[in-house]
Every structure is written in structure tokens, then in C-alpha cells.
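Participant: Each chain, written out:
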Amino acid sequence: MAGISLELLLAALMVAATPILLAAIGETVVEKSGVLNLGVEGMMITGAICGFAVAVETGSPTLGFLGAALGGAVLSLIFAFLTQVLLSNQVATGLALTLFGLGFSALIGQSYAGVKPPPTGDIDFGPLSDIPFIGPVVFSHDIMVYVGILATAAVWAFLRYTRAGLILKAVGESHDAAHALGYKVVRIRILAIAFGGAMAGLGGAYISLVRVPQWTEGMTAGAGWIALALVVFGAWKPWRVLIGAWLFGGITVLQLNLQAAGIAVPVELLSMSPYLVTILVLVIMSADKRRAALNAPASLGRVFHATS
Amino acid sequence: MTSASPPLLSIEHLTKAYPGVVANSNVSFAIQPGEVHALLGENGAGKSTLVKMIYGLVKPDSGAMHLMGEPYAPHEPSEARRRGVAMVFQHFSLFEALDVAENITLGMEDPPKRRDLAERIRTVSHEYGLPLDPSRLIGELSAGERQRVEIIRCLLQNPKLLIMDEPTSVLTPQEVDILFTTLRTLSSEGTAILYISHKLEEIRALCDAATVLRLGKVVGECTPRESTAREMAELMVGGSLHTPERAPGAEPGDVLVEMKNLSLPSPTQFGTSLKDVSLQVRSGEVMGIGGVAGNGQDELLSVISGEAPVAPGHLFVDGEDIGPLGPEARRRLGVLTAPEERLGHAAAPDMSLVENAALTAITREKLAKNGFLDWGATRSFAERIIQSFDVRTPNADVAARALSGGNLQKFVIGREVLQKPRVLVVNQPTWGVDAAAAASIRQALLDLAQGGSAVIVISQDLDEIMEVADRFAALNGGKLSAPRLTQGLTIDEIGLMLGGAHDMEKAHAAE
Chain V
195 MAGISLELLL
205 AALMVAATPI
215 LLAAIGETVV
225 EKSGVLNLGV
235 EGMMITGAIC
245 GFAVAVETGS
255 PTLGFLGAAL
265 GGAVLSLIFA
275 FLTQVLLSNQ
285 VATGLALTLF
295 GLGFSALIGQ
305 SYAGVKPPPT
315 GDIDFGPLSD
325 IPFIGPVVFS
335 HDIMVYVGIL
345 ATAAVWAFLR
355 YTRAGLILKA
365 VGESHDAAHA
375 LGYKVVRIRI
385 LAIAFGGAMA
395 GLGGAYISLV
405 RVPQWTEGMT
415 AGAGWIALAL
425 VVFGAWKPWR
435 VLIGAWLFGG
445 ITVLQLNLQA
455 AGIAVPVELL
465 SMSPYLVTIL
475 VLVIMSADKR
485 RAALNAPASL
495 GRVFHATS
Chain Z
5 MTSASPPLLS
15 IEHLTKAYPG
25 VVANSNVSFA
35 IQPGEVHALL
45 GENGAGKSTL
55 VKMIYGLVKP
65 DSGAMHLMGE
75 PYAPHEPSEA
85 RRRGVAMVFQ
95 HFSLFEALDV
105 AENITLGMED
115 PPKRRDLAER
125 IRTVSHEYGL
135 PLDPSRLIGE
145 LSAGERQRVE
155 IIRCLLQNPK
165 LLIMDEPTSV
175 LTPQEVDILF
185 TTLRTLSSEG
195 TAILYISHKL
205 EEIRALCDAA
215 TVLRLGKVVG
225 ECTPRESTAR
235 EMAELMVGGS
245 LHTPERAPGA
255 EPGDVLVEMK
265 NLSLPSPTQF
275 GTSLKDVSLQ
285 VRSGEVMGIG
295 GVAGNGQDEL
305 LSVISGEAPV
315 APGHLFVDGE
325 DIGPLGPEAR
335 RRLGVLTAPE
345 ERLGHAAAPD
355 MSLVENAALT
365 AITREKLAKN
375 GFLDWGATRS
385 FAERIIQSFD
395 VRTPNADVAA
405 RALSGGNLQK
415 FVIGREVLQK
425 PRVLVVNQPT
435 WGVDAAAAAS
445 IRQALLDLAQ
455 GGSAVIVISQ
465 DLDEIMEVAD
475 RFAALNGGKL
485 SAPRLTQGLT
495 IDEIGLMLGG
505 AHDMEKAHAA
515 E
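Heads up: the sequence lines are chains V and Z, in that order. Following our numbering, the numbering of the first sequence begins with 195 at its first residue and continues without gaps. Following our numbering, the numbering of the second sequence begins with 5 at its first residue and continues without gaps.
The shape of chain V in the complex, shown without the other chains (with noise of 0.2 Å):
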């Protein structure tokens, strides 16, 4: 063990969570407003290739964010339409819309692989970086890092404080009350998808432009699958959804410097580790009914039909 240094660990930890806690929080917001989106892994997919590409054609990884973001939220809004407009099955959408990203990804992405991404830099914080231990771990990363964090806050603050977060989480809560009351259903669930659909877009980029750094098809690799059990993990609350985030990190980090500390433990084991930890914490976590149940928006994946 004594080749794992833990300030290295944190270090990577904090990237390697930044993607899955970036899909994870737009599927919180989703969710929030009381619709599954099991589309995440395809939407991180096709954001991490229109990213890569944009980034490679314009050679600026900010625009290839911009651009990722986009992708993704206009791949959502398919799913939108679909479930939304022509009140299609949400599970078997979201579903679709996984298998579609993922085709769709490497049918663009056959001429970028092997190409180089134009590399996106660490922000200077000067002599905070400097700072023993606490300046690798937290002020060394790159800008999406942050906005991972920043995300997260906004987020939360979104959904405690504002008035548009209470109609959001109405709309999640009780859809027939809320357009009884006069909301807009549909139109705000729409704006929810397609904000959690430029959420794990960035996820997506984040993969193919910063962590991997280049293109491969289906190189998300789960990840989407990941970011939705996250916001169960996190019972639909943005700073615990931060939390499993980094705790999966950590361990998908842990497992590597096993391997590479040469533990003797077969690789395949220590592959699934993040996983099997995930689907415990899970189980744990919705053994106590009343509070998975008080927590989970009540409408969550049931069709709304105005009927008058």
C-alpha cells in the first residue's frame, strides 16, 4: 500500500468524479421536475463526441464545451418531444435514447479517432497552488472541475431558494395539482430535460477532453448509468448527489492504484468494486422505505395528460 500517495489520490478523485457528478446533477433537476431520463449515457456519449469534434475543428476546448452542452441538450430534447408532447413511455424512451446516442456518437465519430483534442488547461490560482497538500488536492484543476462544484450549489440553491425551484419540484410532486394551479407543466418539464441534457453533454466532454483525452466509441463506458444511480444514492439532494459523486470517484481512483500497487487481487475484482459499492450503497439506502419514498418526487415517470 505504500505506494498510494492520498494527496494523488484526491487529487484524482476530484477529476475523476467531475463527469459523473456533471450528468448527475442535470439528472437531479430532471427528476426534480418528475421525469426519468434513462437517456443519460446516450446524451454523455453524444456530448462527448460533438465536444471532441467542435474542440478539434475550432482548436478551442471552450467552444468544444459549448458545444457538447449543446449536443446533448438538443439530443434531450428528442426525448422531450417524444414523452412530453406525444406522451410516450418514459422508461422505454430514455432507454432508446441510450442505444440511439451511443450509434449516433460513433457514426460521427469515426474520422476523430486517434486525433489529439486541443488540451484544456489547469486555472492558475498562483500561490494558492503552492499550499502543501490542500494546494495539489484543490486548487490544480482544470475549469470544469469547478463548475462541477459551482454547478452543484446553483443547483441547490436553485431548488431551495428561488420560486421558480418550488414550481419545479411542484411540477415533480403533483402534476395534476400544479396545472390545476395554472403551471405549465409540459413547458417547465421541457426546460428541465434540456438543461440536464447539457449537463451530462459537459459530462460527456469532460471524458473525451480532459480525462481520456481523445475519441473512442462508447468510451462513457457506463458513466450515464452511473449519474443515475447517483441521484437515488443522493435522495434527489444536490450536495449528497456531490458526495456519492466523489465516493464513486474515489473508489474508481482506489482500484486503479490497487492495480497499479500490484495487489493481488484479480483486476476484474477491483473493476467492479465502484459498482458492486454502488448497488449496496443502494440497497442500504432504499431498505428504509419512508424515507426513499418522502424523498423521491411522487410523479416521477408518470405521463402527464391535461384533461381539460
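In case anyone wonders, no lab produced these hints; they're calculated from the structure. Just so you know, these numbers come straight off a predicted model, no measurement behind them. There could be a bad hint or two in this list.
In the DSSO-like style, the derived pairs of lysine-lysine whose C-alpha atoms are separated by at most 27 Å in a straight line are [to be verified]:
(1) Z:Lys63 to V:Lys378
(2) Z:Lys164 to Z:Lys203
(3) Z:Lys264 to Z:Lys279
(4) Z:Lys117 to V:Lys431
(5) Z:Lys117 to V:Lys378
(6) Z:Lys164 to V:Lys378
The hints should help you fit chain Z onto chain V, whose structure is shown.
Facilitator: Same frame as chain V, but now just chain Z:
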């Protein structure tokens, strides 16, 4: 408009048609400032559509409205609220996971800051004798308290017209009195109230004027204080009304159902535990059980239906210990139930009436052979229910969800009654059902008892219990009072047996 001052709201020739039905046809009437105006009609007469048009949820096809002499055509509820029209819904438009203040904010146009709002909720709710704690979650409140939230939400906006859709169906008599005092105060302050209810005695006590709708048309107007409930009911139905009758002199038979010191811890967070309930019901007897919602009614029904099995030695039917048996085994013995929640408990919303008929009747009506459903027999059973209980539906293949509440209720009760149960337990058998249909449901329950079954009617409607039950017991906090004969029992005595509404009385006295 010949009077000097224009009416508060005048409705002129409103028409609204949906595919296949004309919900409102050429409806006209007027409401004066400070007037309590009743809107009467059977289920499906078009009352809901009409108030939805007034509240801006539905746009009329033709016709016009004037509010205080000015043209009024709200595009959405927020516009109606801005113009001074507020509404208390029949199915509360509340959010269970949010607190009282948040719920009230959501129904306001310019909500004040949270702290000010909380203060105003406290003041206004005490002023009108409906005390509320702004920080409590809706999920923890009783139905009566939830209604207070709706009313306070409206009152905070100083409405000129308050629309109330079936407000008393979930309240105890005392709570109804308090509500009426509040409404009278409002009306004396100049607020007009448009009041929808099936309970004609209430309308006689409260309302100044009434408009009667039948099949979407105005068929009459009357002054409720000067007409009898029967006259109004007949105006609604357009014919004479049948009152449920009991054959005189029927002696109750042997004990059919017996509960001995039955206790059941509540299965859910917001539920009520049953405590030491004992009761005997004889064959040929109708037992009425009253109480405010949430005092153990659902739990009592689930104990008898078999959804919540109990240990041996507490529940007997015909001397046989059925405590540990499940619902299907109990149905075989003739113990049938019709729970309160129609969609999702009594009926599967997205399944057709035929399928729903099969769900509880497979065993007793022998609708399955060797594990295969006999669809022909099931269909004819469903059609028999539709026929005998006058369920208004295009055919038996319609999804349960598509029926109006009253019609589905008739179907659900009919399904159990036609299986000729030996013991039938119904919870809120006529909730949201119009007078004529309620009368026929009650008659069916009486006929069943007449035929030697034991019938337990759990209801919050005390008039209903007085009409059908031989004996009455009150359920309060999961405890069942000792039963008393309904003959000679006054509504006030029943109110005392129910307990409830203590905090409201105090608040009222403090005014």
C-alpha cells in the same frame, strides 16, 4: 341587467363541447356580491366544466362572462386569480412533500417573503377560525386540515369570488359548522361564494340562491331556503327521487362477524394503528362506522379484507377464525370489501371494466376454468354490473380511469354487491356520487342486509349512516367506540362520539 349595480359575475350563454358530449350548453346565470350561490347537478351535469371555465382552466366555445360589469375571459388561472377569482378544489391541489407555506405560495400571484407569509398565514387562519402551522408538511395533515390550507390560500388573496367544489365531503359535522361560519363571515364582508355540493341540506342551510344544471343545461333556479331538499333533488334528476327504504320489523340474525380485541400497528408512516377493536355484526344488520378520515378507516377495512392479516383469535366470520387468511380465501368464504380509493385500490385504473370485474369476482362468480379465464362470462358479469347499477359508460371495454368518479364508484360497489357477499365492508360508498345514484347504492346495501348478509358501512357522511345503519360506532384515533342504535341518535351526539375538531372549536371560541 336591469338592477342599478351590475352583478359580480354574470355568465351569458356559455357553451363548451368535448368530442361526443356537450358539457355546457347555453348556460347563463348571475352571482351578486356577497351572495352564496349553489350550483347543483348530478355527476356529469357539467358543473366542473363550468367552474373550470370561470377559473380559466377551460376556454368556452362560445358565450361571454362579465366580472363587475367588465368583460371577463381568463386565459389561465393566474389571470382569474389576478381578477379576484379563487377556487378550492374537490381533489386538493396540494403537494404532500412541501410544507404549508410553500403550498400557499404556489397558489399566489405575488407571494410575500417567506417570513411575512408565515406570519400572515398565522394571523388570517386564526381570524377565520382555521388555525394552521405554516411549517408543517402537507403529508402530515388530515383531510380537514388540508382543506384549510386550500381555503387560507384563497383568502390571502382577498378574492371577490370564491369557488368551492364539494368542500364538506371530508369534514366532521363540527368542522362543517366552522367552515360555514367562515363562509358566512366572508359573505358578510362582500365576498361571493359559488358552492358546489351534493349535500342538499347543507345547501339549504348556507346558500342564498341556486342554479340547477342537468345534462349541461340550466334547468331551474331556486331559493334553497324556501325549497325542500327533495324538490331540489328532483329538479336535478328531472324526475321523482327514490328514497332508500328499509323493510320494517326485520330482526337481526346470528353473529356473522366478530372482532375480539383486535390491534394492528400502522403499516405506513402517516397511517393510524388500530387499538383493541371489538365489534359484533349480525346477519341482516347494517353497521355504520363513522369518523374523520385518517382515524383508522383504511386500516379497519384492510383487516377485514385480508390485506393486513392478523394473528389467530381476533377475527371470526361465522365462528371461523379468518385472521390469518388472505383476501382470496376470505372472498371464498363470502367476505367482500370495497375500499375508499377507487383508482388504484378498488379498481386498476388502466384496465378495462371487464378486467376489473374479473379481479375480485373470479372465485365467487366462477369466471375461470382450469386456470383459464372465461372472458364471455366475465364480460356478461361486467355488463350485468353496468346494467343494474346504471354505470354510465359507452361499453365495458373502457378503462376504469376514463369513468367519472361517481360512475366508477357505482361499478365498484356493484361488483361486490352482485357477488352476493355474506359480509360486505364498504368505505365511503357514495363519495362524490350524486343524490340519485347514492340513493340506489344505499338501497342496494339495505337489500343486501335484508337478504341476510352483514354489511359494514364506513363513512364520513353521517346522514348516510343515519339513513342505512342499524347501529353506529365511531372510530377515533384507531379506537372503536361502543356501538349504539342509530334510532334516536342525534347528529350532535354522534359528533361528540367522533371526538375530532377540538382544536378548531377552541380557536373559534377565542375569536
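Participant: State for each hint whether it applies.
Facilitator: Verification of the hints:
Only pairs whose Cα atoms come within 27 Å are accepted, and Lys63 of chain Z paired with Lys378 of chain V is accepted, the gap being roughly 16 Å. Restraint check: the Cα-Cα separation between Lys164 of chain Z and Lys203 of chain Z comes to about 24 Å, which is no more than 27 Å; the hinted pair holds. Annotation: proposed proximity of Lys264 of chain Z to Lys279 of chain Z holds, straight-line Cα distance about 11 Å (limit 27 Å). Distance hint between Lys117 of chain Z and Lys431 of chain V is fulfilled; the C-alpha atoms sit about 24 Å from each other, no more than 27 Å.
At roughly 23 Å between alpha-carbon atoms, Lys117 of chain Z and Lys378 of chain V fall within 27 Å of each other, so this suggested pair holds. For a cut-off of 27 Å, the pair hint linking Lys164 of chain Z to Lys378 of chain V stands: about 25 Å separates their Cα positions.
Every hint from the earlier list agrees with this structure, and none is contradicted.
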